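S.K.: Could you slot chain B onto chain A? The hints should help.
Protein chains: 2
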Amino acid sequence: MLVRNLLGARFKETPKDCQIASHALMMKGGYMKFMCAGSYSLFTPAKRIMRKIEEIIREEMDRVGGQEVLFPVVMPASLWEESGRYTSIGSEMARFTDRNGTKMVLGMTHEEAAVHLARDIAKSYTDFPFMIYQIQTKFRDEPRARGGLIRVREFTMKDAYSFHTSQSDLEGYYERVYEAYNRIFRRAGVKNFIAVKSDSGMMGGSVSHEFMLLTEIGEDTLAVCENGDCDYRANVEVADCITHRVESSKEELREVHTPGVKTIADLGKTLGVDPTRTCKAVLYRENATDGLVVVFLRGDLEVNETKLRNHLGVEVHPASGVQEEDGVVPGFVGPVGFSGKAKVVFDRSLSGIDSLCCGANKKDYHFIGMNIGRDVGDPEFVEVAKAYNGGICPVCGKPTIRLFRGIEIGNIFQLGTKYTKSMDMTYVDTDGSRKNPIMGCYGIGVGRLCASVCEEQHDAYGPVWPITIAPWEIEICCLQSEDGEVKGVADRLYENLTARGREVLYDDRDIRAGAMFADADLFGIPVRVVVSRKTCDRQVVEISFRDKSFKGETPLEGAENFIEEKVKELYARYL
Amino acid sequence: MLVRNLLGARFKETPKDCQIASHALMMKGGYMKFMCAGSYSLFTPAKRIMRKIEEIIREEMDRVGGQEVLFPVVMPASLWEESGRYTSIGSEMARFTDRNGTKMVLGMTHEEAAVHLARDIAKSYTDFPFMIYQIQTKFRDEPRARGGLIRVREFTMKDAYSFHTSQSDLEGYYERVYEAYNRIFRRAGVKNFIAVKSDSGMMGGSVSHEFMLLTEIGEDTLAVCENGDCDYRANVEVADCITHRVESSKEELREVHTPGVKTIADLGKTLGVDPTRTCKAVLYRENATDGLVVVFLRGDLEVNETKLRNHLGVEVHPASGVQEEDGVVPGFVGPVGFSGKAKVVFDRSLSGIDSLCCGANKKDYHFIGMNIGRDVGDPEFVEVAKAYNGGICPVCGKPTIRLFRGIEIGNIFQLGTKYTKSMDMTYVDTDGSRKNPIMGCYGIGVGRLCASVCEEQHDAYGPVWPITIAPWEIEICCLQSEDGEVKGVADRLYENLTARGREVLYDDRDIRAGAMFADADLFGIPVRVVVSRKTCDRQVVEISFRDKSFKGETPLEGAENFIEEKVKELYARYL
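Chains as they are written, first to last, in my numbering: chain A, 7 to 581; chain B, 7 to 581.
No false leads were mixed into what you were given.
Note: identical chains are not told apart, hence a pair may lie in one copy or across any two.
PhoX-like, lysine-lysine: derived pairs with alpha carbons at most 20 Å apart:
#  : residue 1 : residue 2
1  : K144      : K109
2  : K34       : K129
3  : K540      : K557
4  : K129      : K427
5  : K369      : K275
6  : K34       : K22
7  : K18       : K129
8  : K404      : K392
9  : K557      : K574
10 : K574      : K554
Just so you know, these hints were derived from the structure itself, not from any lab. Keep in mind the model is a prediction, meaning the values are calculated, not measured.
Bound-form chain A, shown alone (with noise of 0.2 Å):
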C-alpha cells in the first residue's frame, strides 16, 4: 500500500474533546472519523488491525471447538420477551417498529439469539457440550460514550455461548475460555491485564470474571492482593471488604454540640475521632419508588454501589435534597434514634466496634461512645462497603489489596440456565427426563481491544502496534523519491518484500524528512525501513523498530532477508 493512495489525514494538533492517549493518537494518526457521540467510521489502518485482532480471536475461539454463527444484527422484540429482557433492560437497547408494525431490538447481545439458534436442534444430551460464536456488530445506547473506541455506542465484537449439561461441565469449559482469552490478549499484544472476579450485572448467573487491562485511565477499580503467594483479584464491585479490627472498648453514650460539623474530616477535627471510629450515614434512593435508603458504615469507607444494588435487589441512586420530610436531618444522621421512612443497611464494617461517633438525627449534635449492640439493637450487618487500599485480602488474610485502575478487554460468564429456563430450551437427560441446559458466554469487543492496546503501548508520537495486529509489518519510508536512483531502490525493495508475502506500507511521497517520519510514527508499524540518498551512497538501508528496541542498518545486496528476520524476530515476541 502506498501511503500517498492511502485515504486519511494525519495531523499534529489534539482534537480538543481527546481526553485519553488512543483517543488522540487515533484521531491523529487517521484511523478513524466522528460520526456521531459514540460511533465511528473506520480508515484502513483502524480496519487492518479490527481484522488482525479478529482472526486472533478467531483462532483461539476455533481451538477451544468453537464454531462459527452469524446471528441477526436487529431481531424482533418477541425473543428478547421470551427471556424478560425487553422490559428489564432500559433505554441502552434501541428498538424500533418495522413497516409491518413488528416491534425490533438492535442486538446489544445475543444471548436469547444463541438459545433460538440452538433449541430445536441440541435436544440429547448427546448433542451437548457444544460452542457456538460470532463476530459481528452491536448497538447498545451508552449514555456515556467517550474515549474513542474505549467506550462507543456501535462496536464489533466476539460473543460466544456455550452449552451444558452439567456444572461441573460448564467450568471445565470456562476454565478453557479462560486460558484462551489469555492467549488472545497476549497475542494480541496486550501487557499489562489481569482477571478479577466480577459482578453478572443483567446477564444473570453467579460467578463471571473481567479481563483487565490495567491503566490509569480505566474506568473501572480493581481490588488486587499483592501478597506473591496469593491471586485474588476482584472488580471492586464484588471484591469483599475486609477491615482491620478497630481497637476500643465500651463508653458511655454521650451527645455532643458539634454545630455545622457535617462530614467525618469535619469530625475528626473537631472532635478529634479517628474516621475509623465513626459511624456514617450515606442516603440513597430507589429508582422505582423514589424511596429512602440510608447506609451505615465506618467513616474511612466508601458504599459499594453494586452490592448494595444487589442485596437490595433494586437499583439506586445517590440521594440528593433530602428534606426533614423524610424524617432525618441531613449531615446528621445516626443510628441511634433514627426514626426517618427509609430503608436502613448496616455493614458489616460497623460491627464489633465498642464504641462509635456518629450523627444524632438531631441538628448540630453528634453522639459519640455509641454501642450498636447496646445503643442499637441488633441490626444484621451486610457488606456494603467499598474494598480499599490496605485493606484485607479475603483469601491470604493478608493486608494486601491495593486498588488499580481497569479497562475492561473481555468478560466471561457463568450463566447458568436463566435463559434456557426462560426460553424453554429442554434436553432428555440419560435418565430420560427434561432438563434445562447450563450456559456460558464470553465477550470480547473488538474495537475496544484495538484502543486499550494503543492505549498501553505508544509514545507522545504515536502507537507502537505489536507486529501481530499492526496494520502492517513494515513500513519503507524513501527520503528524496525525487532522486531517481534512491527511488529505485525503494521501489525494489517494496515489490520483493510484497512479492514474499510481507505487508507492506511504502511512503515514496516527496515531502520533508521530518513530516515523513511523523507520519511514520503516527502509523505505528512495527519495522522501519529508510532508503535515501545517503543510505545509497553506502549501499545500506536503515532499519528500526518502532519500539525503539533496534536501530541498525543491513548491507543493501539481501536486505530483504535481513528486514525477514527482523520481522520474524518480533513475531516471536508473541508465540
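M.R.: Positioned in the frame of chain A, the structure of chain B alone reads:
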C-alpha cells in the same frame, strides 16, 4: 471439524414455505435458521461459505486499489437529510430515536457515510482517484422478503465507493470494477451470469449495470441479443423496445359494434385484427395525486412501468376500479375523441402504423382504420413499452432479442455528483476552481451470492459447492466406525490432511451409510473420501467429487497425496 460436534440438523422434508431449491436445500442442510421475516441466523457451514466469498471479494477489491474501511450500521438521520434521502426513501429504511431524542437510521447503503468519511480529507485533485469499500451488515425493510437468502431484510454486503475528478476517469475505473466483478463471480464458481444495463433507481446517476445469474426463478427479466456478434444485454426495465415495422395502408375511420369485446385477444377473434394492428390502453394512477394516466401502445406489447415512471417523474401503480367519473369507458378507451381527466402517453410502437383498431370511448364500440396523424393529431411518442422476445436489438438491428429471467448478484453505478453536490464535498482542481468529485458505487450481497450459487449448482440431494467457497474442501465418511481398524484409518487420514492445512469435515458417527451419504450430499463438499471395512480390506480409500465428475480409488498408502492432487485439480477450474 467433526460432524458429530457440528451444531445443525439435517432433514428430508422440504419446509412448506420454501419455493425455490436453494432455500429448501439450505434449510434442509442445516445452513440457516429462520428468525423473522427476511432474517436468518447462519450455522457454521453457511458462515464459512460467507467468509470465503468475502475473502474473494476483498482480494479483488484490493486488486483494483480498494481500501477496506468500516462505516457504522446506525447513522444519524441528519446525514441522510444532507443528501435528501431521509425523506425520499420510504418505509424500506428503518428509523428510530435514540435515548437523547436524536433521529437515527439503519444503513441500507452508505453513499452518505462514504462522502462523510472522505469530504474533509480529499480536498485537492492530487488526492483523487480513490476507492473505499466495506463488508458490513445492512438492513432494508423489504416488503417482499422471499427465497431464503435471495431476498432478505438483513444481509451482509460489500459496498464500494470511488471518487474521481473527471467522468472519463470514473468510466475507466468503472471498467476495472466491471472486470473485477467478472473475476469475483467466476472465482465464486458462478457459471451462467451476464452483466446487463440497468435502471439506477434510488441511487441516482445515469449508467449502471447489474450482474445477473440466469435462472428461471429470477425476479428480473433481461433482454439479451442472441446475435453472436452483438453483446447487447439490458434489464428489461431499461431495455429499448424496438418494434418490427407493421405493414398497413390507410383506411377510413369506421366505428364498429363490438358488444362485450374488451381485450385485445377478443378483438382478434371478433374482428380478425392482428394484435400488432391494434392500439390498446393501459391505465395507471399516480401514487401521490391519484391522478389517472392512460398509456396507448400497440396491442401485442406490455407497459414497462420503470420507463413510464422515469418518463412521468412520479411513482405510479396500475389503476383498478376506473369509473366513468374519470371520463373513461373501461374496456373501450381509445385515443380518438378521448376526453378523460388523465395524462395521456403514446408509446413509440404506435408511430408509423397507418391503420389501427382501437376503443371508441363508447361502451361496446371500437374504431377500425384509425390513423393517429389524421384522427388524433401529432402526439409526442415516447418509449414506455417492454422489450419482447424476437424484438429488434438496438445495437445490431437484428430481430434477435430474447428474454431471460435472472437474479441480481451485483451492481455497479456511475453516480455522478448527486451526493458530493448535495453534501457539499469539494476539491480544488488544477486551475484553482472548486469542484464536486464524481462518484461510482459498487455492491455485492454476500448471502445472496451464496444462495445463488446453490440455486445454480445443486442436485435433488443437496448443494454442489464450488471448492472455492465450499465450507470444507474434503469430507471423510467413515463407515463402520465401530470397527477400530477402520476408525483408526479414517482418524489418521483426518489428522494428516488437517495437518497439511486442508479443510476437512469428518463424519465418524455410528450411523447407516445411507444416512451418512444423505447428510454428505446436503453438506455438498466437493471431495468425498470413503473409508469402510471393505476399503480397508483392499487397502484403498474411495474418492469421488460431489459433482460426479470423478469417482475412483487410491491406495491407502499415500492417499493424502492423491487427495490433495484432486483438491488442487478442482481449484484449477476457477483460476
